[in-house]
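The lines below spell out each chain.
There are 2 protein chains.
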Amino acid sequence: MKEMAKFLTSKEENYAQWYNDLVIKAGLAENSVVRGCMVIKPYGYALWEKIQQQLDTMFKETGHSNVYFPLLIPKSFFSKEASHVEGFAKECAVVTHYRLKNDPEGNGVTVDPEARLEEEYVIRPTSETIIWHTYKNWIQSYRDLPILCNQWANVMRWEMRTRLFLRTAEFLWQEGHTAHATREEAVEEADRMIKVYAEFAEKWMAMPVVVGHKSESERFAGALDTLTIEALMQDGKALQAGTSHFLGQNFARAFDVTFASREGTREQVWSTSWGVSTRLIGALIMAHSDDNGLVLPPRLAPLQVVIVPIYKGNDGLERIRARANAIMKDLREVGVSAQFDDRDTQKPGWKFADYELKGVPVRLAMGERDLEHDTIEVFRRDTLAKETLPVAGIARHVVGLLDEIQENIYLKASRLRDAMTTRVDSYDEFKRLLDEKGGFFLCHWDGTAETEALVKEETKATIRCIPLDATAEEGRCMVTGKPSSQRVLFARAY
Amino acid sequence: MKEMAKFLTSKEENYAQWYNDLVIKAGLAENSVVRGCMVIKPYGYALWEKIQQQLDTMFKETGHSNVYFPLLIPKSFFSKEASHVEGFAKECAVVTHYRLKNDPEGNGVTVDPEARLEEEYVIRPTSETIIWHTYKNWIQSYRDLPILCNQWANVMRWEMRTRLFLRTAEFLWQEGHTAHATREEAVEEADRMIKVYAEFAEKWMAMPVVVGHKSESERFAGALDTLTIEALMQDGKALQAGTSHFLGQNFARAFDVTFASREGTREQVWSTSWGVSTRLIGALIMAHSDDNGLVLPPRLAPLQVVIVPIYKGNDGLERIRARANAIMKDLREVGVSAQFDDRDTQKPGWKFADYELKGVPVRLAMGERDLEHDTIEVFRRDTLAKETLPVAGIARHVVGLLDEIQENIYLKASRLRDAMTTRVDSYDEFKRLLDEKGGFFLCHWDGTAETEALVKEETKATIRCIPLDATAEEGRCMVTGKPSSQRVLFARAY
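Those protein sequence lines, which keep their order, are chains A and B.
With the working numbering, letter number 111 in the first sequence gets 112, and the count goes up by one each step, no holes.
With the working numbering, letter number 133 in the second sequence gets 134, and the count goes up by one each step, no holes.
Isolated chain A (complex conformation) (with noise of 0.2 Å):
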C-alpha cells in the first residue's frame, strides 16, 4: 500500500498537485495535444457514464425526453439575446472554412481560402439560441407545451486557465431545454430541476450540497433567476455543481417564439435550462478522495467489489476461484458488480495499492489460511479498515458494507461541511477566517452589485448563492452596514 500511495503528493503539501497527481494515476483523464481539452480515459468514462445513467432516469422520470440539436451555431444568432452576447459570445471556438486542400508548397495540408463561410459558425458553448430558433416552428398552440427536451452533449468554451474536469474547453453535459405555457410553470421546472440535481449530489454523489439563488451579477447569460447547488471541496473552496435557469421570455422573445393560448390570445412562451457537467467528477474526487487515493461513493463505483487471491501455486488459486466464484454469483445476482483479479504479473501488495487508488469500495481478499478456516478478509476504502470474516453470507454483509459506506462519506463530508460552515458578522473578521479557515461563510449583504463586486475584489471570495432554506433574521450587512433580512453564502470557488 505505501508504495503506491508515495505516487500522489499529499492534500496537505499541495492540494492542486494533489488532485492533478490523482486524476492521472487513476487513469480518470490525461490532457491532449489541443489547447485546454482533455482526453477521458476508461476509468473516467465508466465513472461518467454512472452519473449519466443514473441522471438520465431522473430526468426521464421528471417527463423529459432526450433530442439533440447541431453541434454549430450561426454566428448572428448570438447577437439576437441582448446579455446572453456578453456572456456567451466572445471566447469560443469559430469555424470560417470548410476544406483543406494540399499546400501548394507541399508541406501538408492548408486551409483552402476558396473555402470560406458566408456566415460564420461557432462552436456551442451552450444550445439556447439554436434550439429557440428550433422551437419556433415546434410552437403554434398551447397544445404543444410543454416542450421537455434534454441533450447529452460536448460543448466549446475557450477558457484560458484550464484542469482537468473542472474547467476544460470542451466538456460533456447535459442541458436540459424546456418551453412552458405560464411562467409558473417555469419556475416550477427550474426549481423542481435543482432538486433533482441536489437530490442526485446527495444521494449518489455523497455530496452534501447548499441549494439557492445566485446574485444578480452570477446569473446565467440571459436569465431571469439562477439556482445553483454549490458543494464544498475539502480544501475550503465552494464548487458549483449544478445550475437551473429561469429564462423568463427572453429568448422566446429574441427568437419569436409565441402561442395560441386556451384563450386565443397570443403569448410569448416561458422557459427554462439546466445542466451539470463532466466537472461532477472534479467535484466528486474533491468531496472524499485522500492521499491513498480515489474514495468513490458505491452508488458511482464503476466497480464496487474486488476479489483478490494471495495464493502459492496454481492449486491454491483455482481453490480460492471456486469461492470467490460463488461470491460474486451472489453479489451480482443483487445488482453488485465484483471482479476476480486472478492476474500473474502482479503481486497482491501491488493490487492492493492499485484498488485503492482507483477507489473501489470493497476489497475482499482470500489467502491459504481463509481456505483452512473458511474465511475472508474484508477491507472497506472509505475506512481503510479490515476484518476478517466467515465465508458463509458474505455477499449479504457485503452488500449491507455498500450501503454503510454510501451513508458514511456522505456523513463524513457533512461532518466537514458543518464545521467548515462560519457565520461572520465583521468585515475584518470573514477576511481574517476566509484566509486562515476557508470554507463557507454565512453573512449578511447588503443586496447590492456594489458590495458584492468590491467583497470580490478584496478577496476573491463570491456569493456562491442566497439559500432556499435560509431563515429570515434581521442584520446588517458586514461590509456596508446597511440592513439585510437574511444571510447569504460567501466561499471562495473552483
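A hint or two may mislead.
[Said to hold, decoys possible] These stretches of chain B come out as covered by chain A in the derived footprint (C-beta under 8 Å, 3 or more residues):
no.	segment
1	121 to 131
2	154 to 163
3	236 to 248
4	353 to 361
What the hints contain is simulated information worked out from the structure, not anything from laboratory work.
Glycine included, every Cβ here is placed at the ideal spot set by N, Cα and C.
Fit chain B to the given chain A structure using the hints.
Chain B in isolation, oriented as in the chain A frame:
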C-alpha cells in the same frame, strides 16, 4: 387510418419523398438552419438510444471500454498518414479563430481578427489521428496491449448533398479504435467487430446483411482491409450499414507507436477501427417501413405496446383503465414497454393512424363491447392484421406476438433480398436488370480497379463487397472476360 396514410407520399410514387416525409411526419428528425445538419427529435433519439444500448452492451461483452477524445484535431495531423489525408482532410469544418467581438459598426458580433489560431483545428471527421497520437504515450510494452477502446461521439464531414440520417454533415456514431501486438490479433478483432455489427443488424434490426471485404478502391482511407455489412433497401439499392477496418501498422507508423515485445525487440503496433452511425436509423426505416408509416422491429421500438381506449363517458374510461393497468403491469414485469393513451384531445381513429405512422409494433384497443365480453382487440403493425382475444392471458400472448413480429419482418426482408439478388454473367444483362429490377447482383469480376471504375461510370453500380461466404466458382469477368474465381456483390447504393 386512411386519413393519416395520405400524409405520406407512397413508396411507389416517389421513394425518396416517401422516406423524407416519413422521417419528418413520424417525428424522427428534421433539417436544421445549419447547412446539412439535422435536429434529432425525441422519437428519433429514443430509437438511437435503443440502438446505442444494445451495441454498447455487445461492445462491453467483447471487452471494450468507452473513452472520449477531443472534438478538434490539429490540422497537421491529417498530413501524417498519406492515404488518410486524401480521404478525410478535404471537406471538413475548420476552426481558425477563438473569439468573437462586438462589431465596431454595431451589427451584432464579428470574428475578432486578433484571435487567430497559430495552427487551425479541424472538427473530427473520424478520430484515428488524434487517438494514435495519444496511444503513443499509452503504449510502451506488450503488457500495455491490447487497447480496446470505443467512443460515442459526433463527427463532421462537409457533405454537399445531404439526406436526413443517411448522409448529414454532422452525425452521431461510435468509433472503436484498438491496438494490438500482432497482425493476427488485429485481423481477428476487425473480423469480430464486423460480426458484432452483422449480429446486431440481423437479430435486433431484423435486417439481413451481406458481410464481406471492400474492394481496394472502396476501402477506408488508411486501411489495408475494410469489412462491411451491406443491406438491401426496399427500392433495390444497397446501403452500407457498418464497417470494420484492419489498419495494419499504418497509423502506428504515422504516429511512431512502438512497443517492447515479450522477446525484447521493438515492434510497431497493429490496429483496427470500426464504426456505425445514426445512418442505421435510415437503414432501419428503408428496410421495413410502408405507406402507413414506420415498421419497427419490437426489439428496438421505443414503445412496444400501446393500449387505446374506445369509450363513452368517464365511467367507461375508468373501467377500461383498470384492465389496461393490469395488462401493463404484466407486460412491464417481463420487460415490455407499454403505454395507455387516455388523451381526450384525439379520437381513437386518429390515434390508430398515429401509432401506425410511428411503428408501434402492437396496438391493443378496448371498447364497451370488449368490457362486456372480457375481450380485447390486438393489432399487429407488420401485417396490419387484427383479431379479438380474451383478456385473460393477453400479456403472454403479446410477448409471443412481439417475437413473432421480430421474426416476421426479418423473414420478409430476407425474402425480398433473396428475390432481389440476381446472378448475372453478361454485362449487357447486368445493365438491363440494374434498371429494370435493381437489387443485388452477384457477378464475376477480374479484380482490377479499372473494370470496377468502368462499371461505376457506366452504370453507377459499385462493388458493395466481396462476400465472406462466397463459394469458389471459376468464371469470367462479365466486363472483360478475364478469369475470376468467385462472384462479388454489385449494386447501386446510398
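Against the structure, the hints:
Under the rule that three or more residues need a Cβ within less than 8 Å of chain A, the assignment of the segment 121 to 131 of chain B holds, with 5 such residues. Counting residues of the segment 154 to 163 of chain B whose beta-carbon sits less than 8 Å from any beta-carbon of chain A gives 4, enough to reach three: the coverage restraint holds. Only residues whose beta carbon comes within less than 8 Å of a beta carbon in chain A count, and the segment 236 to 248 of chain B has 0; fewer than three means the coverage is violated. Restraint check on the segment 353 to 361 of chain B versus chain A: 0 residues with Cβ-Cβ distances below 8 Å, three needed, restraint violated.
Going down the numbered hints, you'll see the structure goes against 3 and 4, while the others check out.
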